[in-house]
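Asker: Using the hints, put the two chains back together into the complex; each one sits in its own frame.
One line per chain: the protein sequences are B and S, in this order.
Per my numbering, the very first residue in the first sequence carries number 1; after that it's consecutive.
Per my numbering, the very first residue in the second sequence carries number 263; after that it's consecutive.
Honestly, the hints are just simulated from the structure, not real lab data.
Check before you lean on any hint, since a few could be wrong.
Computed far set for chain S versus chain B, every beta-carbon distance over 10 Å [stated by the list, open to error]:
# : residue
1 : V300
2 : E325
3 : T328
Part of the chain B face toward chain S, derived, beta carbon under 10 Å [to be verified]:
#  : residue
4  : P115
5  : P117
6  : V231
7  : W233
8  : E237
9  : F238
10 : V239
11 : C240
12 : D242
13 : N243
Ideal placement from N, C-alpha and C gives every residue a C-beta, glycine not left out.
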Amino acid sequence: MRCRATGSLFALAVLVACSPAPQDETAAQSVAVNAEYAAHGGDLTGVWEADPPESMFPYENFAFTVELPPMTQWAQARFAEAKPTKGSVEFSVADTNDPVYQCFPPGTPRVYIHPFPMEIIQTPGRVLMLFEYDHLIRQIYTDGRGHRTDLSPSWMGDSTGRWDGETLVVETVNFNDKTWIDRRGVPHSEELRVVERIRRTDENSLQIDIMIEDPLAFTEPWAAQWFYRSVDWTLDEFVCMDNVGFASFESELTEFLIDTPE
Amino acid sequence: MRGKVVAIFSVAAGILLFSVGSSAHHGASVVYDLNQKVTMTGTVTDYQFVNPHVLIFFEVTAEDGTAVVWSAGLTSPNRLARSDGWNREMLKPGDQVSILGSPARGGAASLWVQQVFLDGTPLLGS
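Looking at chain S on its own, in the form it has when it is part of the complex (with noise of 0.2 Å):
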């Protein structure tokens, strides 16, 4: 039966405090399943680089024709400008993205991430 309801980045955005790096989102695990890894395609809809954490939304078509927009969460703009050289017009909307992240615990879709493929580069070093 339904209980609490929990917005996935009221939980997730506390973690970014302590991020060190994609390894060692051990907080993440509250809200994402770290030991599973999944690729979601789709297109660019939103892309916020902005403090606690970088979002990436896109929008997955199924195979039946439906679309959901997808979230992507990543670690601060500070740290992805440092060390992969991300910044304010790395995506945008209608960019083709694959997202490879762990998934939301529940099935949400959300995406904790590991890698980002634009036009199939990716964008993250590690």
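With the rest of the complex left out, here is chain B (with noise of 0.2 Å):
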């Protein structure tokens, strides 16, 4: 089976699972499709910095939501296990159990709470995220491909997207369990699966209206926003082995020593 780009696949509010087979297409039914998507949707380009209304403020560094997300039995066991660096409870840096603190990727949506640029860029096929945050990228194809089931679950997921209207509506599916949803260390299964609606709600602005649903992590599914505005800035580096390497230069660096009982 393939994915037909008929307008009747557009009408439907959840995505079909289509056999993913791209490389089954001919190189002109490739061309045909990806001009077709191509000539729709809006305009999301450019480099974006997080932008939280003032009421976010609180917590937009670290949760999604003030309230904790409607968790599981099982959800909630493993929450209980976290040792974030932020939240009712917080661990050092040293202590923490947070994979970020790894190095290994936050994961979708935890990337936007990461306070570097994002940058979209729009091809014929895909929309691509960038982040100034270890250089990560989102690839979502909007060439009508349906999911994969030749990938292990990954970090990031994979994310496929389609236009409605001006706004784009991805879905990401394929997760790995390793990330947190957020610093808090609110867990997730394999099962997540991220639905994001993204548009310019002016020139300047984007909003992502986030849906996440698991059903083994989430007694049902739960909804969050980001915002961003746009900057005339260019993505850098920043790299979170850094951090690692920083330590390196401790016998430069002022130690204290924390008295500890015995």
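Answerer: This is the structure:
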């Protein structure tokens, strides 16, 4: 079975899981599909910096929502084992088990929380999200392909997208279960499915409506929002492993002793 | 009695993964006492405009004549360049600086920076 670029596909609220076999298409058909998709949609291109509203300031550098998501018992048990650097209880970097502090990829959508800019580039058949943080890249395939079945579970997930007017609707699946949803330590399973609606709300503003679903981890789907403003910056470099390398300078730096009871 | 030895920046370095602004360094409270503010004045000995965070080393001379090299930590160079126009030439050895910041817990000679004054001129916007 092959995905067809018909109008009925786009009428569905849920993406149809088509057989992902772009390699079965002839070159001419691929070009035709790409051209059709490139002719639709909106323009999300540019460099974007997180710009949450003031109401989100108390938590926007560690969570998507002020309250905890509705977790199942399975998730609550894993959440209890988390040793986050931020949350109701805070651990030091030396004691945390947050995978980000070992420089593993943060996952989707947690990557949005990292306070470094993101750039969107649109090319026929793909929308690319580049992140200054660790030069992560999300490839959102908009050429009508379905999700892959030949990929191992991944940190950032497998993303496909379709245009709903000028809104890009992205579905991401095929996650491994090694990331945290947020910096507080909310867990998820390999069943995680993230649906995003990405659109410009005005010339200089981007809004992402996020729906997170994971029947193993959450009792019901829950929603969050993220906001960006347009900036005229270039995407530079921030390498997570520089934090680890920095420890090698500690002999040159001031050290202090923590008195601990025996 | 002496216990665990912790190098300040091996702990503080990870904080900068998530630094949003000088007011949001909640993680820095592990190493620095954010409720305190002190100003130290001295001569720059080293200025490192590097990731994960910018470091200023400056020699402070006490009243009794002893000199101690203090360290002062800020956010990443990416963010300082964009928000406050910092670059690799912002400071150099020999510059006279006064640095306002939160002192490290335990009395080590280190600050988490709130403001840097170069010959009296503030270098940070906020």
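Asker: For every hint, state whether the structure bears it out.
Answerer: Verification of the supplied hints:
no.: 1; hint: V300; verdict: holds (15 Å)
no.: 2; hint: E325; verdict: holds (21 Å)
no.: 3; hint: T328; verdict: holds (15 Å)
no.: 4; hint: P115; verdict: holds (5 Å)
no.: 5; hint: P117; verdict: holds (8 Å)
no.: 6; hint: V231; verdict: holds (8 Å)
no.: 7; hint: W233; verdict: holds (6 Å)
no.: 8; hint: E237; verdict: holds (7 Å)
no.: 9; hint: F238; verdict: holds (6 Å)
no.: 10; hint: V239; verdict: holds (6 Å)
no.: 11; hint: C240; verdict: holds (7 Å)
no.: 12; hint: D242; verdict: holds (5 Å)
no.: 13; hint: N243; verdict: holds (4 Å)
When each numbered hint is compared with the structure, no violation occurs for any of them.
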